[in-house]
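Engineer: Chain by chain, the residues run as shown.
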Amino acid sequence: RKEVEQDPGPFNVPEGATVAFNCTYSNSASQSFFWYRQDCRKEPKLLMSVYSSGNEDGRFTAQLNRASQYISLLIRDSKLSDSATYLCVVSPMNSGYSTLTFGKGTMLLVSP
Amino acid sequence: EPEVTQTPSHQVTQMGQEVILRCVPISNHLYFYWYRQILGQKVEFLVSFYNNEISEKSEIFDDQFSVERPDGSNFTLKIRSTKLEDSAMYFCASSDPGQVKNIQYFGAGTRLSVL
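First to last, the protein sequences are chains A and B. Okay, so the first sequence: first residue is -13 according to my numbering, each after it adds one. Okay, so the second sequence: first residue is 303 according to my numbering, each after it adds one.
Every clue listed holds true.
With a straight-line cut-off of 25 Å between C-alpha atoms, the simulated PhoX-like cross-links for lysine-lysine are:
1. B:LYS359 - B:LYS403
2. B:LYS359 - A:LYS90
3. B:LYS403 - A:LYS28
4. B:LYS344 - B:LYS380
Hints were generated in silico from the structure; no laboratory data involved.
Isolated chain A, as found in the complex:
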């Protein structure tokens, strides 16, 4: 059973488009939720943490539904530089140290 499952992708969108990524997780004890982005053959970089009430950072909006064990990421007004793989990541701890469990990622390709 996959612990963190994401849309398989890739998503091909034109510049300026709005795109949404979905993620589900199987461990109901998960406490921390994140979106990381990963450029080709590079390290994962934190895009944003996801809070229960939902949160926004510029063009990026993240939502969390604990009851459905579902996380989403919305990107508005896509830029060419948004092209990357978006990783849904969960952790059983809210602080201190803990393992991160990654989804396989959804690739986004933004074209001119």
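We have chain A already, so just place chain B on it with the hints.
Structural biologist: Chain B only, in chain A's frame:
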């Protein structure tokens, strides 16, 4: 901006050889981790390290693997006898115990190629 640094960026080795991958975590961080990513697959947790001992390890982290903090700045991953299937990108990460969320910062990775 402080960052996690890893060396070498690419390591090529023969099957059966020992390799040591090196990491310098962010200086005020106390929790350290190793993850790996086989080409085309997801990032997988290997081991976490705190207070000079392993906190948690995955089933991937078998007897062939070991970690060490030999001094105040370096954190190493040793693979004793490499196998072809150990070929992957290995990422070191660190986190700050004072942070509210368990945010981990990743190094640029070491690409290990086992021939």
